[in-house]
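For the record, the sequence lines run as chains P, F, A and E.
For reference, each letter of the first sequence is one residue, going 1 to 375 in the numbering used here.
For reference, each letter of the second sequence is one residue, going 1 to 375 in the numbering used here.
For reference, each letter of the third sequence is one residue, going 1 to 375 in the numbering used here.
For reference, each letter of the fourth sequence is one residue, going 1 to 375 in the numbering used here.
Possibly wrong hints are sitting among the right ones.
What the hints assert, rightly or not - Ranges of calculated distance between the beta carbons of each label pair, as one might list FRET restraints:
1. P/G155 / A/G304: 24 to 32 Å
2. A/A117 / F/S124: 44 to 52 Å
3. F/P187 / P/F17: 37 to 45 Å
4. A/K334 / P/G302: 34 to 42 Å
5. A/D52 / E/Y54: 21 to 29 Å
6. F/K4 / P/D63: 34 to 42 Å
If you're looking for bench data, these hints aren't it; they were derived computationally from the structure.
C-beta atoms are modelled at their ideal positions from N, C-alpha and C, and glycine is treated no differently.
Protein chains: 4
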Amino acid sequence: MKRKIRMGMVGGGPGAFIGEVHRMAARLDGEIELVSGVFGRDPEKSRQCASDLYLDPTRGYADYQTMIAKELSLPENERIDFVAVCTPNLYHFTVAKAFLEAGFHVLCEKPVAMSSAEAVELDSLVKKNGRLFCLMHNYTGFPMIRQARQLIADGVLGTIRKINVEYSLGWLAAPNAGKQAAWRVDPKQAGISGCMADIGTHAQNLIEFVSGLKITAVSADLATFVEGRSLDDDGSVLLRFNNPVARGVIFASEVATGEENNFILKIYGDKAALEWHQQTPEDLILRSNDAPIQILRRGWPGTGSAAAAFSRLPAGHPEGFLEGFANMYKAFAKAIRDKQPGDYPSTADGIAEMHFLEAIVANSRGTEKWTKVPQ
Amino acid sequence: MKRKIRMGMVGGGPGAFIGEVHRMAARLDGEIELVSGVFGRDPEKSRQCASDLYLDPTRGYADYQTMIAKELSLPENERIDFVAVCTPNLYHFTVAKAFLEAGFHVLCEKPVAMSSAEAVELDSLVKKNGRLFCLMHNYTGFPMIRQARQLIADGVLGTIRKINVEYSLGWLAAPNAGKQAAWRVDPKQAGISGCMADIGTHAQNLIEFVSGLKITAVSADLATFVEGRSLDDDGSVLLRFNNPVARGVIFASEVATGEENNFILKIYGDKAALEWHQQTPEDLILRSNDAPIQILRRGWPGTGSAAAAFSRLPAGHPEGFLEGFANMYKAFAKAIRDKQPGDYPSTADGIAEMHFLEAIVANSRGTEKWTKVPQ
Amino acid sequence: MKRKIRMGMVGGGPGAFIGEVHRMAARLDGEIELVSGVFGRDPEKSRQCASDLYLDPTRGYADYQTMIAKELSLPENERIDFVAVCTPNLYHFTVAKAFLEAGFHVLCEKPVAMSSAEAVELDSLVKKNGRLFCLMHNYTGFPMIRQARQLIADGVLGTIRKINVEYSLGWLAAPNAGKQAAWRVDPKQAGISGCMADIGTHAQNLIEFVSGLKITAVSADLATFVEGRSLDDDGSVLLRFNNPVARGVIFASEVATGEENNFILKIYGDKAALEWHQQTPEDLILRSNDAPIQILRRGWPGTGSAAAAFSRLPAGHPEGFLEGFANMYKAFAKAIRDKQPGDYPSTADGIAEMHFLEAIVANSRGTEKWTKVPQ
Amino acid sequence: MKRKIRMGMVGGGPGAFIGEVHRMAARLDGEIELVSGVFGRDPEKSRQCASDLYLDPTRGYADYQTMIAKELSLPENERIDFVAVCTPNLYHFTVAKAFLEAGFHVLCEKPVAMSSAEAVELDSLVKKNGRLFCLMHNYTGFPMIRQARQLIADGVLGTIRKINVEYSLGWLAAPNAGKQAAWRVDPKQAGISGCMADIGTHAQNLIEFVSGLKITAVSADLATFVEGRSLDDDGSVLLRFNNPVARGVIFASEVATGEENNFILKIYGDKAALEWHQQTPEDLILRSNDAPIQILRRGWPGTGSAAAAFSRLPAGHPEGFLEGFANMYKAFAKAIRDKQPGDYPSTADGIAEMHFLEAIVANSRGTEKWTKVPQ
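If we strip away everything but chain P, and leave its shape as in the complex, we get (with noise of 0.2 Å):
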């Protein structure tokens, strides 16, 4: 029989909502098998989440210390080619680390780190000790992501000129929002930013994913509206980049009432421009002064290759979050086998997304206008 890859995770734990998102996500293709974890730091707990997981309850460990050794110590046919690193930000760097320093590759979500420093110190590790690194923008996986990336690389949009993101939800709209909402608006869990830091680094590197651009300076207005946090809960930015000419506005909000996952974004060039929406993520609108609007499909005539290879179904049979999601373990599971890095975010984003917040965090409490991103 044919080996599949094998999973392990740290974080996840039941309640989690983006744990079961990434074991989904997993699955999809069945070329990945989750055989491990640490799905809680009680030792019985997380045996019985390994339980109901369908794994060997051995395999569900109370920390990730005793899973990097446990792992190791079984034969190599049975051992985990890659951790999932799916805990509060805290943790990212830490883990992420020992895994790779212990010979696993490494799956991480964002933000890669709790500083800049992180990101820089495990870059270097990953360009040492040779194992794969991916960095979970998802929604760089969406089929429709790729064919604007593949148009705009195709010069379709002529020189980018604008770059307009809004990211909005209302989850955190009153004070309390529940388990999933209370870390992201701690610092020591969630680092210097809060929502910035758990959407607006999606809308940096969605733009910089797609546009092939670098944000080089910024001006941001960071707000806290939900008394008694501590971190910001909305901000928006007005951007610039290495090119020139382009200017970019990003709005993120979590506090943004009535909103769901509200991720939209419009490039402009001089020929065409584009707009995609997360909630309606199979259309990618392409606009131009001498034509009538097109709407690009996943799946139909128009669309090309990058967007085919990220897609499952026939068109106007949607596919959604989940799949873009598992594009992200399928471009990396791919890797794995390929034992080279793939087409996929990885920890030079990281240390973009940790300079990015550590710009805007800095220019939003001071009275400077512009300030520098370092490239």
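We have chain P already, so just place chains F, A and E on it with the hints.
Frame of chain P; chains F, A and E shown alone:
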């Protein structure tokens, strides 16, 4: 270790669209394990396909009779619990019957058989031998379809007056539409109808599932637009119901140039009305003459328990076709564990769809205005 | 000073919806001047209404016979050029005939008459006496409807195969829907049909106008949902055409709870397909099996001369119902100046709509499958 | 005969877009009569244009001074009641001032002047001499904008937190965009700003009109994308308000390739949120964290009196840009009849828009983060 439910397949070899959909759907929740199947008539190809699917190659069989015999010869803790029948229509009845008689549960693609007589026989068999049977009408697995059914059952729409259903695809607009298309318009493999068997039955089934009404009479105009085809590739049907007030229309087409999978359901009652589009399946539009339009969304307040039970992600994280499909597997897996039928279409629905098909084909060929649908 | 075209009205007194629409439409381009009318049967009320409309009160008449006599007695440079007939259906034929015979041009609301016999008589009269006649099918005045007609005439859709039209309103869902509703379901004032005469004729007319096809046979199911009504308030019709390949469906309803004025036209050819929604009339969706969806927009590149001739504002500055209506007046004013008929529906279309109505009413009451529509 | 209100125009000669819009808007309700104007600087051309508009050619003047003198020399029952100023920005102040001083009411295009000093002077004049002044911010005339304002005034949104406004057009993406474009980017005719004066002021005005808040500080990034232009053709602005909690963003562009007139307003409160798109102006989307999305529609239950007062057609019969514009004329005509100001923007709003423009231009050129907007 907890044991997963073990699944076999008949059909779904290389190149089959729906077979891979079944596998992805079955994988999604991690509680079903595909272990064997007939993936082609050539023994070597079936073994190879099994291997490609990470199965034991010896459990890739070349015909269903062999599969039944071999599976029965395995220890009980290895053999399949149920089989998924994903073949062309021609084999649905024969294969399902054989597995049922051998003591296996069966999940079967629609339409259930080639005739109402076969459907009735299957229904009797299921009632007699106590095995479970799920008819894969996947659109009944969409959360917002469950929500629609709940609203109607709760009386929100009042007395139902009009049901308008459109199901349009363009994939058969040209003569040569590939292997997937070929068998669907071949009377030997598809039966008495092409388009209406393929997608008209989805319309009929969804109407009855959501509204709780039964179609009692039809007036139909089936058409074959592409020369050389023996079966309909388009059809329109006027409907009457067991609620004598209600009326309806189905128009289904596989030659609707440019349409992907445009399945739209509109139900009007004397108090309120519902609208659902399969291509944006997360929205359920609720209208009345007294209030603003409401858009109920999967995962959002105002959407109830029936939808929630069939939902995996928070609102705004789009779910789609695969999740709807997976919900059928989830419900069937639960039924197998519970050892009693669950809330999914079964042989009774199979009888209804065959009666519907026979009535519209007869009516379309004849001169009488209305043809009764046996109840 | 250049002279405006002078207009009179019969109908459209206080409280009438469509009368004020006619007036706003006639005013929009500033080339038509309303100067007289019958605005009610009470002489004082008609005078008062004329005064309220900034007219000379003596030109507010109490009946059309008086209006004709008085207008004829005025100097030629004061009397009306044409009359707009905005009464309930009952009077369309009689009033139009009288004004035509008196030498005035006539613009008349649809349906043109109470029977096809009347429509034929009117058509003969128009042909004989050389006066101009415009049948107010206002939806033919929408720019993107003109664009659709042009695309089909240019062969962009290829051979037309299927035409699906939905026209749903909810305003008659409850028994008492006001004065505007009352006459529409009163056989004495509305004729042989309620809903189908009111909106079904819009569907029939728009199909024939846009596609260039003629409906040759129908199979209909008219319904009366609200107790106590003598006429249909809902209807569905299967269609055949003079192009023997084509098929179609109309479903029209005035008891479609929650619908405002939901008029949708979908036309599928063997090369491409069009979709238009009256409630978002600036978009014309063009689909094919070979290319991305195109959304043609009024005023934008890719939209041609036929639409441009009926457009007043730049793209993105929404035009709507009144502009469409005004386009009919604009075309009729031009015809009056040019002294020859223009590109708008006329008595021939009136005959077609009455034949259609008579055929569907007969078919719906009978047992035969198809009823021919006289050509 | 009842007398109509008599209107004159300065600007709006042949080829001018907005002049004809003013005329159509003024005509729509039939209570205003255009009688004179300056339709060009060449006497013969202005006379010819008057004649083409069905006016007495002698009332087509070649300059506003002559117009004032001649109109004053006419009997009171012939001379204009008000003038509409539809010139490039350069003349707004001078012309408006002259007509006010001559005793006429004035309706003036935005922005009100070339500087805040001029705006303040005009405001003083209006207060002193008792003539009426309407600043034509036409988007405040849309029914669903009035509905939005009413909902906020009624407290439905709670405390306003975030206001995001996008106003994107593509018409200036290329260097040569025609005569209409030329003066808008010429500092002599347009003033200190191009894009922001043209459309940014619409954004600023609509924000303040709908929310009731005042913008108190700005941080701006104005850009000129097309070489050779002296003024901005794009701009993004971060906003602070007199409600110290609230934040906002405007991004406006006239080089947003492919956009028609994409003006979007999103306002988030701590209880609910509103969204409005100018291109689909009949919908007002109301969201909260506790209930399904509501789409309020013009003319439909749930939409209140403020919108109803500005509505002419039943729901589902689309109204658009002209009706919104006409609502301003309707309100101004009523004010003239009532001899007191109505509910429309005036000189106070003109001061605010000029302060806003001056603040963003200054901020964009400087290095400080925030620039205060004088109140």
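Against the structure, the hints come out as follows:
{"no.": "1", "hint": "P/G155 / A/G304: 24 to 32 Å", "result": "holds (29 Å)"}
{"no.": "2", "hint": "A/A117 / F/S124: 44 to 52 Å", "result": "violated (60 Å)"}
{"no.": "3", "hint": "F/P187 / P/F17: 37 to 45 Å", "result": "violated (50 Å)"}
{"no.": "4", "hint": "A/K334 / P/G302: 34 to 42 Å", "result": "holds (41 Å)"}
{"no.": "5", "hint": "A/D52 / E/Y54: 21 to 29 Å", "result": "holds (23 Å)"}
{"no.": "6", "hint": "F/K4 / P/D63: 34 to 42 Å", "result": "violated (28 Å)"}
The structure fails to meet hints 2, 3, 6 from the earlier list, while all remaining hints are met.
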